[in-house]
Amino acid sequence: MTGIAQLIHAAFSFQPGDFQRLETVAPGTAMAVWVAVLAGLSQGVGEAFVLFVNRVRPQRFVLSLLVEALLFGCGFLAWALSTWLAARLLFGVAVPLAAVVRALGLAHTPQLLAFLGALPYLGVPWLTLLSLWTAVLFVLGLVTATGLSAWGAFWCLLSGWLAMHALQRSAGQPVMALGRRLQDWAAGVTIVSDGARLQELLRAGPRGRR
Amino acid sequence: MRRPSISPRQRLWLLLVLVGLVLVPGTGALLHLAYAGLRRSFGLALDLGLIALLLVLIALFFAPLEALGWWAGWEGDQPLETGTPAGSLAAPVARDRPLSRFVVYLDGIGQASGDALPEGEDFLRRLALRLPDDIAILRGLMPYSVRNVPLTEGSWLAGFWRWVDRLRLRDPRALLGALINLRNVTVVAVSADQRYGPIYNQGMAQVIADSLLAHGYPLESGIPVTLLGFSGGGQIALGALPHLRRSLRAPIEVISLGGVFAGNTHILEAEHLYHLLGDRDPVARLGPLLFPRRWRWQVLSYWNRARRRGKVTIRSMGPVGHALPGGLMDAAFLLPDGRSAMDQTVDQVAAILLDRDPATALPEQAPSNVDRFRANGWHHLDVGRDSAPPPAPGFRPLAGWIGRLRLPEPEQRDGGRVGFEVFAAPEPWRHLVSRTCQLEWQDPRLGAVVQDVNLSPEARWSAGQGLVHPLRLDHWRRVSPLESLAGSRPDDDVLVRLPEPVEVLEDGRLLRIEAEPVQTTGLALALVQFRQPLGGDLWSAASYEPQRAAFRDLADLRLRLPMPIANGEGILPATAEGIERSALNAEGWLVSGVPDGAGAFVVQSLVPRRLRRLLPDRVVTGRQAARRLLKRELWDALEPGTAFSALVSLQPLAAASLAAPAPGPALASAATPTLPSGWQLGERLLVVHVFGGIGGEQREQALQHGPCVGHFAYGIAEVVAEPLAGEPAIQLAYRQVYAHNPDGLIAGRHDDWRYLGDRQWGWLGTRPVADILLRYPPFTGSYRIGDHSRSPLDGFDHQLTAMMARYRVGDGTGATFVGPANNCAQDSNQALFAAIRALQQEIAHQDPAALRAWEQADREQAERLRALLRLERRLRHQLLPFAGLRPDWQRNAAVLGSSLEDRPLDNLLRGLGSWRMLLPRLASETVVWTFLEAGASALILRSNQCGGEHPQIEPVAPITLPL
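Chains A and B are the protein sequences, given in the same order.
Letter by letter, the first sequence follows residues 1 to 210 in our numbering.
Letter by letter, the second sequence follows residues 1001 to 1963 in our numbering.
No wet-lab data here; the hints were simulated from the structure.
We put the beta carbon where it would ideally sit given N, CA and C, even for glycine.
Be aware that a few hints might be false.
Said to hold, decoys possible - If you only want the chain A side, here are some residues facing chain B, beta carbon under 10 Å, derived:
id, residue
1, 53
2, 62
3, 116
4, 118
5, 140
6, 198
7, 199
Stated by the list, open to error - Simulated restraints, written as ranges between beta carbons of each label pair:
id, chain 1, residue 1, chain 2, residue 2, range
8, B, 1069, A, 175, 31 to 41 Å
9, B, 1707, A, 122, 50 to 60 Å
10, B, 1220, A, 136, 48 to 58 Å
11, B, 1045, A, 129, 23 to 33 Å
12, B, 1290, A, 136, 25 to 35 Å
13, B, 1299, A, 122, 55 to 65 Å
14, B, 1866, A, 175, 47 to 57 Å
Only chain A is shown next, with the shape it has when bound in the complex (with noise of 0.2 Å):
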């Protein structure tokens, strides 16, 4: 637990000194994971807004946010795999796959707070601000682990993210559609979440959903 209170603390400081020293003193891969997967568990509180709207009952409320959990932590992954992939494809940068994740795992840290974003009014702009932080965060863990400059951390990041969104709609789907059904599985319903149809659902009033 010290690890992660120091990882914790080295986040929310948003020290650089500090998170290169943490480098250093990092806890090992399947922490950066489990980090992940409790940040994930973390916005699946801060968005439960979504599952209140599709009328989810409460035993499957809790199953549902254990598995957004575990999707969050795949796709997590996902992510780190795919940065990982351009760090060296498009960079050159032969960095090993486990330093991207521990530096994805820390730039996910200030998610674990993502909660928050239940608050009503001042959630919004608290979630994105952890977005913000936690891209600031992970440019910083990529340029302490791969001695890429701030511009290419970027670059290597949004390239990782694009890569990843156009697997997700090319040949991920199938997993994705995996994901969905695990979804609507726990849930016990057909989860809707995009906004248009959230807001049909919110003006079809609560027997719109029997």
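Knowing the structure of chain A, use the given hints to seat chain B on it.
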């Protein structure tokens, strides 16, 4: 309004400093240092503060759970019920007459139980005493619980909240009492949240609606509702507003007493928001500070748009604070004028509820053309002069009932009726002439367009520029379409004829009509030829004798053609110069006007007989020739002072059939009663009207920097027997969907005597005009279903009537502006689209078996219906090729021409969704061609600046696209 305590500039600096603090390296250390320093100095107090902050965050975190649980159905077997309808009436209400308004009180964040705070209850008691008993005040709702459960009841914490409430009531300054405020503030945040708000506000709207219904609110009655919210109740009221409006289908206004509310609530859907604000109220001022959508630079937020559209009135309450002591409801706190703060609040709220709210001062106005044209005495209404008998034989009354609309004084309003000063009446009601009766327009379908009118700042600005807006209706509630017709201009100078049937009630004190009065000019008609000027504005003339089918000089027929007043651009609306030499004089003119009181007749309006005959100059058949005429030739011929007509059909028309006697009822006095093939007396026709621009030496300003767009309107014509001519003729009334303008032209039904031929107010003398009369029995005819008959043309007429009523009051803002998505052509055709959809839905809802039986019983009707459905498909495709871009057309929504500034891109996109209706001429070509392709025939009536010679101007054709 007082400025907020922190100016926008200060707020920006504060933001920059905060961002800087976060971003500058070493901030963490600095904060740590600051914390350590503070802790050393304040120790326990600082810790307590941080604990309090943590508690606030925890309370906030769990605040949405009640609403979310309610929505998700976590509350047991009956998850969707909001509990028993709650609340009670603050005072007994009238049982012997209908209630005129319901007021729902939503208390501030201090409310813990089913009762408001003592000062709130006191306020309601005083307010009830000031209001008549036909206004019901509903109290006792718990605005901070989506299930309407007070803190002091129901939950496991109820005992705790009861204890805190008792403590607080004993000593309002007790610190623990702040816990109630804190808890309820979190609910205000839920209501203002973009994710939870729609859920919470929907639940709250249901609570309010259930309570209203339980206390006698008649559903579908349209009785207006006022949500009266104190403090946080302001947010709850505005949050619930759109949902409540949807479920009650009633107008809703909001009065905020020191309300704290966000800027993302749908304020635009309120009839009006009155925000009463004390100068020493720090709490209400948190709203503009904490809610970014209320910041001024958020120009497209609901709050800022509502303010620009005049939907918000912010009223200073003087040196008053928020809560006790010194707050809006402090009965012990005296103001400089000797009243208590409580009395002042009660006075203001009662004045708003009783329609006695002082209207905002109107701006200084530039003179409009209405002001200029007033100088023309011959176009003033004078019942003594105008109702005298015509000075010579050869005249007939223009209509049975003609009169001047008189807008009632605000305190004399009576259910939407207006005064009607009778200028002409049929037997046996002639004795009513010069009396003023009450006029009632009975059409329950128009209830949806009865609206409160509050002039927007844009309307005020526009009025200052010389445009004519309904200034007299400002701050009027529930303005009926008849009141908007009577009150659209600065004075009572709207002359109308009443369409039949006219029901005379109460011995002539009340006239009841079923259709919109038609704006008109003159009281008597004649068919004349001008002979020669007699000096001044007098002319000798010949009158038409149908028996001889010729004009005959009458010694005692003297006509006056007074010089009209030029408009603001110096352009004369009409002249009499050389009118006797005009080519149109040979066939004669239909003139309308009044006696001058000295033996002559004042020609107030004239229309060439050529334009009202059913004898086309040309017959055009076949696709290519028809297309050529419609797209090119129609507007190529632009010689001033000319008019022509053409009969068009894509199918061949036998020339012989044109000259054949009319198949309809014979005209008793007709000398040569001929009608185009298939056209019958009594038949109704759809009119597509377009006018062009004024060019030449006195080119109108609108054409100085761009092409002529022109104007589009629909109308309905009828083939009638014209006794003056002894032949069938066209009688025509336009349905003008016309934005506010400097000429005082009021959106509504217009006779051609008014809109076209009027020598002061009409367009015939200055503009090129095309009226295309479409005969297509599947659309213009009737269908007999059971005992009653239905006509698609009537359905369309109803849609246009509603649209015109909305245009007159600008959907309550007092101004309708022209943009790509909303203009004469777009909105007229939205009405056509709505009529088509209504018909389609009506047919879709018929029992198929009954429909088949009906089709077999009358095959002619069934064939027509099939043709109509084909037309409907074609029109839908032509009018709305990109349906997704015009959700307003799909829903027939009330989104009238606001200003372009309101979502400019959206406005343009919506306009493109029905792009063929963007330009008036293109719209007319599209609609006419669609009808022709469906098998209609069309009579085209084209004219170019008819009347006297006017060499300073030239006709300009409106633009179109070569499609």
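Hints versus structure:
The criterion of a C-beta within 10 Å of any C-beta in chain B is met by residue 53 of chain A, whose closest approach is roughly 7 Å, and the hint holds. Because the beta carbon of residue 62 of chain A sits about 12 Å from the nearest beta carbon in chain B, more than 10 Å, this interface hint is broken. Below 10 Å, beta-carbon pairs count as interface contacts, and residue 116 of chain A has one with chain B at about 7 Å; its hint therefore holds. The interface hint given for residue 118 of chain A holds, since its Cβ lies 6 Å from the closest Cβ of chain B, which is under the 10 Å cut-off.
Interface hint status for residue 140 of chain A: violated, as the beta-carbon distance to the closest one in chain B is roughly 12 Å, over 10 Å. With its C-beta approaching chain B no nearer than about 9 Å, residue 198 of chain A sits inside the 10 Å limit, and its interface hint holds. The beta carbon of residue 199 of chain A comes within 8 Å of a beta carbon in chain B, closer than 10 Å, and the hint placing it at the interface holds. Separation of residue 1069 of chain B from residue 175 of chain A is about 34 Å and conforms to the stated range, judged on CB atoms against 31 to 41 Å.
At about 53 Å, the beta-carbon gap between residue 1707 of chain B and residue 122 of chain A stays in the expected band of 50 to 60 Å. Range check, residue 1220 of chain B to residue 136 of chain A: Cβ separation about 57 Å, and the 48 to 58 Å hint holds. Taking the beta carbon of each, residue 1045 of chain B and residue 129 of chain A are about 29 Å apart, inside 23 to 33 Å as hinted. Taken as a hint, the range 25 to 35 Å holds for the pair residue 1290 of chain B and residue 136 of chain A, whose Cβ atoms sit roughly 27 Å apart.
For the pair residue 1299 of chain B and residue 122 of chain A, the beta carbons lie near 24 Å from each other, so the given range of 55 to 65 Å is not met. Separation of residue 1866 of chain B from residue 175 of chain A is about 53 Å and conforms to the stated range, judged on CB atoms against 47 to 57 Å.
Checked against the numbered hints above, the structure breaks hints 2, 5 and 13 and satisfies the rest.
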